[in-house]
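Enquirer: Sequences listed follow chains A and B, in order. Everything in the first sequence is counted per this note's numbering, starting at 1 for the first residue and increasing by one. Everything in the second sequence is counted per this note's numbering, starting at 1 for the first residue and increasing by one.
Hint data in this document are derived by calculation from the structure and do not stem from the laboratory. Bear in mind the structure is a predicted one, so any value in this text is a computation, not a measurement. Don't take every hint at face value.
Derived DMTMM-like pairs: lysine to aspartate or glutamate, alpha-carbon spacing no greater than 25 Å straight-line [claimed, not checked]: (1) K45(B) <-> E117(B); (2) K45(B) <-> E106(A); (3) K45(B) <-> E6(B); (4) K45(B) <-> D60(A); (5) K122(A) <-> D13(B); (6) K45(B) <-> D129(B); (7) K122(A) <-> E6(B); (8) K45(B) <-> D17(B); (9) K45(B) <-> D18(A); (10) K150(B) <-> D60(A); (11) K122(A) <-> D130(B); (12) K150(B) <-> E106(A); (13) K150(B) <-> D207(B); (14) K45(B) <-> E123(A); (15) K170(B) <-> D129(B); (16) K122(A) <-> E18(B); (17) K122(A) <-> D207(B); (18) K170(B) <-> D130(B); (19) K36(A) <-> D47(A); (20) K122(A) <-> E23(B); (21) K122(A) <-> D60(A); (22) K170(B) <-> D207(B); (23) K45(B) <-> E23(B); (24) K150(B) <-> D130(B).
Computed beta-carbon distance windows for the label pairs [to be verified]: (25) R65(A) <-> Q46(B): 30 to 36 Å; (26) T66(A) <-> Q136(B): 30 to 36 Å; (27) G39(B) <-> D97(A): 40 to 46 Å; (28) T173(B) <-> E35(A): 25 to 31 Å; (29) P59(B) <-> T66(A): 29 to 35 Å; (30) T62(B) <-> G129(A): 43 to 49 Å; (31) R45(A) <-> E138(B): 27 to 33 Å; (32) G129(A) <-> A216(B): 27 to 33 Å; (33) A64(A) <-> G57(B): 47 to 53 Å; (34) S135(B) <-> D60(A): 48 to 54 Å; (35) A35(B) <-> P6(A): 17 to 23 Å; (36) V95(A) <-> G57(B): 17 to 23 Å; (37) R5(B) <-> R52(A): 35 to 41 Å; (38) T62(B) <-> G151(A): 37 to 43 Å.
Positions of the beta carbon are idealized from the N, C-alpha and C atoms, including for glycine.
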Amino acid sequence: MLALLPRLRRFAAGLARDPADGDDLCQATVIRALEKRDLWQPGTRLDSWMMRMMRNIWIDESRARTRRGETFAAEDAGLSVGSSGGQEEAVTLGVIDRGLRTLPDEQREAVLLVVVEGYSYKEAAGIVGCPVGTLNSRLVRGRDALLAWLGDGV
Amino acid sequence: MSVTREELAAFADGQLDEPRRSEVAAEVAADPALATELGRHRALKQRLAAHFAPILGQPVPTGLSALLGGPEAKVVDFTAARQHRAARGFPRWGWIVGPALAASLALAVFLPQRTPEGYADPRLAAALDDQLVASQREGAPTRILLSFRKRGGQYCRAFSGAAHSGIACKDGTGWRVEAGAGGAAPEHGGYKMAGSPAAAIMAQAQDMAAGPALTADQEATARARGWR
Numbered sequence: 001m002l003a004l005l006p007r008l009r010r011f012a013a014g015l016a017r018d019p020a021d022g023d024d025l026c027q028a029t030v031i032r033a034l035e036k037r038d039l040w041q042p043g044t045r046l047d048s049w050m051m052r053m054m055r056n057i058w059i060d061e062s063r064a065r066t067r068r069g070e071t072f073a074a075e076d077a078g079l080s081v082g083s084s085g086g087q088e089e090a091v092t093l094g095v096i097d098r099g100l101r102t103l104p105d106e107q108r109e110a111v112l113l114v115v116v117e118g119y120s121y122k123e124a125a126g127i128v129g130c131p132v133g134t135l136n137s138r139l140v141r142g143r144d145a146l147l148a149w150l151g152d153g154v
Numbered sequence: 001m002s003v004t005r006e007e008l009a010a011f012a013d014g015q016l017d018e019p020r021r022s023e024v025a026a027e028v029a030a031d032p033a034l035a036t037e038l039g040r041h042r043a044l045k046q047r048l049a050a051h052f053a054p055i056l057g058q059p060v061p062t063g064l065s066a067l068l069g070g071p072e073a074k075v076v077d078f079t080a081a082r083q084h085r086a087a088r089g090f091p092r093w094g095w096i097v098g099p100a101l102a103a104s105l106a107l108a109v110f111l112p113q114r115t116p117e118g119y120a121d122p123r124l125a126a127a128l129d130d131q132l133v134a135s136q137r138e139g140a141p142t143r144i145l146l147s148f149r150k151r152g153g154q155y156c157r158a159f160s161g162a163a164h165s166g167i168a169c170k171d172g173t174g175w176r177v178e179a180g181a182g183g184a185a186p187e188h189g190g191y192k193m194a195g196s197p198a199a200a201i202m203a204q205a206q207d208m209a210a211g212p213a214l215t216a217d218q219e220a221t222a223r224a225r226g227w228r
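Bound-form chain A, shown alone (with noise of 0.2 Å):
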């Protein structure tokens, strides 16, 4: 699970579009996986079962945060993605952010898990828990999407 962390990391700061808020994320999901280890079946590959349980954690906590209408406040600054970049560099990666801040949830997860992290849209599909199909157009609109908001500059 060690050797997993900066993975978890990496999809935790698409997913919760922060880096720190992505480490608390990454936290919680360490925590659940220890709490549920039993569940996890040998043979199975732990690195998608434990997107798949931070994505569902993602998922509660952001329906949660609607609910109280809760503003987002880090723990701490945390990573800063591109940080170690010069002026234009930083430009040029914050259109990405942004522009990944433009898609709904379920399409960012969807580029994040096949784009990013290199899932097969089988596997990406088993993680959020949809058909091939479903995840298969969302991540062409995903991607479109992201296209079309970089414009020439791809």
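Following the hints, complete the assembly by docking chain B onto the known chain A.
Expert: Chain B only, in chain A's frame:
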């Protein structure tokens, strides 16, 4: 024969099965517009990958890796884990739980009944016992906001974290949670956004305190005496 957007994206992802893959490859080769579109898909993939790649290279925050014992922590086996492994022969993961923080997490997870009602659980208590405001780790699961003495002389500490926030005061039994949402079972598997409650807790601390917050030196002295 035309290529749908879904097919082109799947082709770019290497997710298209034969014989369709070869057909699409032929279409792309024959159609410059399709080839351009495919190029855009691949460029997008590269940009997204490059965008998130730095996270993989960053050190994992200690608060996170500590949950699993950290790379150099000693391995502590739990009986159940051992039985699992013996029975199934698969590599261990979650139960690579080190001492210190991770051990107290395990206590919190498995032995919640050991914590008296209204008192900090072992994990929180460990943070309250050990962490100093001045020197606490960046990204620690629980952050101590400040320490003070309330009327009567008891030491109290305001804390904020992913699982709970509040004010706890030391008495003969342990750290009694006197304000905030502390001591409660964490909601949603311990996932609660921190930050916003901090202001309210600071205000409560101000009401409870008999004097100003402890300085770093006073805090260190109090810790050395076990907060008594």
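Enquirer: Which hint numbers doesn't this structure obey?
Expert: 1, 4, 6, 10, 11, 12, 17, 27, 30, 32, 33, 34, 35 and 37
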